[in-house]
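K.L.:
These protein sequence lines are chains A and B, in that order.
For the first sequence, the positions run 81 to 385 when the working numbering is used.
For the second sequence, the positions run 517 to 889 when the working numbering is used.
Keep in mind that the hints are not guaranteed to be accurate.
[To be verified] Interface residues of chain A toward chain B, partial, derived using beta-carbon atoms under 8 Å:
| id | residue |
| --- | --- |
| 1 | Ala101 |
| 2 | Tyr205 |
| 3 | Leu225 |
| 4 | Ile226 |
| 5 | Pro235 |
| 6 | Glu242 |
| 7 | Gly287 |
| 8 | Trp291 |
| 9 | Leu316 |
| 10 | Asn319 |
| 11 | Phe322 |
| 12 | Ala360 |
[Unchecked claim] Covered by chain A, per the in silico footprint, the following chain B stretches (three or more residues, Cβ under 8 Å):
| id | stretch |
| --- | --- |
| 13 | 536-547 |
| 14 | 579-587 |
| 15 | 591-601 |
| 16 | 620-633 |
| 17 | 705-714 |
Keep in mind the hints are simulated off the structure, nothing from the lab.
Each residue gets a CB set at the ideal place from its N, CA and C atoms; glycine is no exception.
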Amino acid sequence: MSVQTTEYVASEIRSPASFLASRVFIYGALAFWAFICLFPIYWTITTSFKTAVDVTQGHLIPFVDFQPDWKGWRSLGLSPDSIFQTSTVREEFLKRFMNSVITSVGASSLAIVIGSLAAYGLTRYRYHFAWFKNEDISFFFLSQLILPPVVLALPFLVLYREVGLLDTRVGLILLYTLMVLPIVIWIMRDQFNSIPVELEEAALVDGLSIWGAFFRIVMPIALPGMVAAFILAMVLCWNEYFFAALLTSTDAKTIPVMVASQTGSQGINWWSMAALATAAIAPLAVIGIALERYLIMGMTAGAVK
Amino acid sequence: MAEQTLPTNEWPANGGPADLIAPGRKRLGFALMAAATLGLLAVIALQILYKSEVTTLGFESWQPVVYAYVLWGVALGAGQVLTRGEDGQRALFLLPALLFTIAMVIFPTLFGFYIALTDWNLSSFAGRRFNGLDNFWQMLGDPYYRNALFNMVLYVLAVAVEYVIAFGLALLLNAQIRARKFFRVVFLLPLMLSPVAVSWMIGKSLMEYRFGPAATLARHLGWDNPAFFSDPIIARIAIMVLDAWTFIPFMMIMLLAGLQAMSREVLEAARVDGANAWQTFWQVTFPLMLPVSVTALILRIIFKLKLADIIITVTSGGPGGATDSVSSFIYREYRDRSNVGYGTMLAMAYLVIIVVFVTWLLKFANRFVRNVN
Chain A
81 MSVQTTEYVA SEIRSPASFL ASRVFIYGAL AFWAFICLFP IYWTITTSFK
131 TAVDVTQGHL IPFVDFQPDW KGWRSLGLSP DSIFQTSTVR EEFLKRFMNS
181 VITSVGASSL AIVIGSLAAY GLTRYRYHFA WFKNEDISFF FLSQLILPPV
231 VLALPFLVLY REVGLLDTRV GLILLYTLMV LPIVIWIMRD QFNSIPVELE
281 EAALVDGLSI WGAFFRIVMP IALPGMVAAF ILAMVLCWNE YFFAALLTST
331 DAKTIPVMVA SQTGSQGINW WSMAALATAA IAPLAVIGIA LERYLIMGMT
381 AGAVK
Chain B
517 MAEQTLPTNE WPANGGPADL IAPGRKRLGF ALMAAATLGL LAVIALQILY
567 KSEVTTLGFE SWQPVVYAYV LWGVALGAGQ VLTRGEDGQR ALFLLPALLF
617 TIAMVIFPTL FGFYIALTDW NLSSFAGRRF NGLDNFWQML GDPYYRNALF
667 NMVLYVLAVA VEYVIAFGLA LLLNAQIRAR KFFRVVFLLP LMLSPVAVSW
717 MIGKSLMEYR FGPAATLARH LGWDNPAFFS DPIIARIAIM VLDAWTFIPF
767 MMIMLLAGLQ AMSREVLEAA RVDGANAWQT FWQVTFPLML PVSVTALILR
817 IIFKLKLADI IITVTSGGPG GATDSVSSFI YREYRDRSNV GYGTMLAMAY
867 LVIIVVFVTW LLKFANRFVR NVN
């Protein structure tokens, strides 16, 4: 038996040539896809430093092909020589930027708070809400995921006008919370399921209340999951365009709406568009690279049992 | 009113009778909930009367009703704790999310169904007028809407190609490679970029007809006239490519997690049995990955059904509506023609279609996974 086994294994050890070929293929494919992922980003960043001639002649490599110029960033008021001067474009940009920050952080926080509570309740207690049981309530929350924004957009437009929430950050925060709540509940349910019930039972025996046990015992353990859900919610809210385009006009406009409106009106003003696009994607790219571990944790929650 | 809809629950660990609650405290709780409910109903009634110009007393906007609803929710929560003690505290976990979602989904959706049955154009002075199923009949004869639905079928089918690429990338990342973390971050990057920025970065500059590098490359490869967005079929493919670029990482990460969770022993066993890499993949890896694949595919299809941003910003549905998704078509129906009633009817019909489709998909996927395993 053992002889046979070693024979099979020996036949599996491939020749150096085929090993090399497979290495070349794997790294070739990896490099190719890395190029596909990075080139548009590289192109956008370099274009923001180009002048008209460099764009039309298709120059690609800074300092070799073309001399970088602050033109795109100057038009945003963000270049070194213009940063201390007043610039209406910069003010506009910073206002949109703050709107994006406030709406996405606000919505993610609200969703984390009410979503975690609901997920905790659903994993630990049994509810009967009229004829709805836990599974039905969970399904109700998760089914919101398939609701396309376009279905809610028009009713909300009318309703928000009636309640004075049109073109306000609060209105956007409420909608974004609704949008990410199913995802947060999905992730947090997975998190709480992985925490043994015995911990809370011990805490209850020690005299903590139900909410005390939740805040002092469960929450610290579930914190990484909360961070993961928060980051994922942030990404979704920051990039949201549809609701923002329909429900905001002057006050609460977010970065994606600003980017989209520039493409229409200015024609091909490449350098400033590139600078704007770079500024719009930079915060999330930084967050994503720094907290990639949490992003992956959030996306894979519940996918693998 | 309120107490009939209370969630009652049991705590499996200590199933005994809940702690004793003084009758006075119970009465206080019920009184609080009743008062809050009456208050909410009163505010709503007052506002309806004011808006229908029966009374002169009322608020300019409906905003007070929102505050009244929030207060009612708080009172309901407090009432739960007062009347039911620990059970009430448990209900408190679920209550905020439930009240929030109900207010934000149920009411607007019902309102949407009503709007769908009206003739309402924001740019005309006539205002809202109930017109029954007129919008519905108009929808059935609308070739652009049919075209948008047909496009959605194509866009959803494109998920299959995305899946193949994502699976390939997941296998690459799962292989014995150096700098795995670097490649994982790089491959994940497109997912974090805003679709609107991506639309500009790729759709409007890389693929730009005159100076875009993609067009230049296509010219070098022998395509004389690389206009990505003027031929209907090529434009659709270009939109699919753009969308795939942002969303392939999503499926890739889920599939990678599935690959990493697979036990090494199974693969070793296959190798010992003399299977080559190709056979191992099709007879071991792929079947074991089926549940993860199905989850990833369903989530991706759900996201795909919402596709709008890229189309709105890159082609605005052009050329001639060829690339329109349902969402982008309805968006323009509202933005350009202010046709709220008809647009909402289209949206509601779409909602019904995708609810049926996704329900069928979930059932089908369940049965499929069970049959194979």
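K.L.:
Each hint should be assessed against the structure and marked as holding or not.
P.N.:
To see whether the hints hold, each was checked on the structure:
A hinted interface residue such as Ala101 (chain A) counts as satisfied when its beta carbon comes closer than 8 Å to some beta carbon of chain B; here the least separation is about 12 Å, so the hint is violated. The beta carbon of Tyr205 (chain A) is positioned within 8 Å of a beta carbon in chain B (closest approach about 5 Å), and the interface hint is therefore held. Of the supplied interface hints, the one on Leu225 (chain A) holds, with its beta-carbon coming within about 6 Å of a beta-carbon of chain B, less than 8 Å. Taken as an interface hint, Ile226 (chain A) checks out: its beta carbon lies about 5 Å from the nearest beta carbon of chain B, inside 8 Å.
Contact between Pro235 (chain A) and chain B, as hinted, is supported at the beta carbon level, the nearest pair being about 4 Å apart and thus within 8 Å. Restraint check, Glu242 (chain A) versus chain B: the minimum CB separation of about 5 Å is within 8 Å; hint holds. A cut of 8 Å between beta carbons decides the hint on Gly287 (chain A): the least distance to chain B is about 14 Å, and the hint is violated. Annotation: Trp291 (chain A) was flagged as interfacial toward chain B, and the flag holds, the nearest CB pair being 6 Å apart, inside 8 Å.
The interface hint given for Leu316 (chain A) is broken, as the beta carbon of that residue sits about 10 Å from the closest beta carbon of chain B, more than 8 Å. Taken as an interface hint, Asn319 (chain A) checks out: its beta carbon lies about 4 Å from the nearest beta carbon of chain B, inside 8 Å. With its C-beta approaching chain B no nearer than about 5 Å, Phe322 (chain A) sits inside the 8 Å limit, and its interface hint holds. A distance limit of 8 Å between C-beta atoms decides the matter here; for Ala360 (chain A) the minimum to chain B is near 5 Å, and the interface restraint holds.
Beta-carbon proximity to chain A at under 8 Å applies to 0 residues in the stretch 536-547 of chain B; the threshold of 3 is not reached and the given coverage is violated. Evaluation of the coverage hint for the stretch 579-587 of chain B: fulfilled, as 3 residues show C-beta separations to chain A shorter than 8 Å, against a requirement of three. Using a Cβ-Cβ cut-off of 8 Å, 0 residues of the stretch 591-601 of chain B lie near chain A, which falls short of the minimum of three, so the contact claim is violated. Counting residues of the stretch 620-633 of chain B whose beta carbon lies closer than 8 Å to any beta carbon of chain A gives 8, which meets the minimum of three for the stated coverage.
Look at the stretch 705-714 of chain B against chain A: 10 of its residues bring a Cβ nearer than 8 Å to a Cβ of that chain, three or more, so the hint holds.
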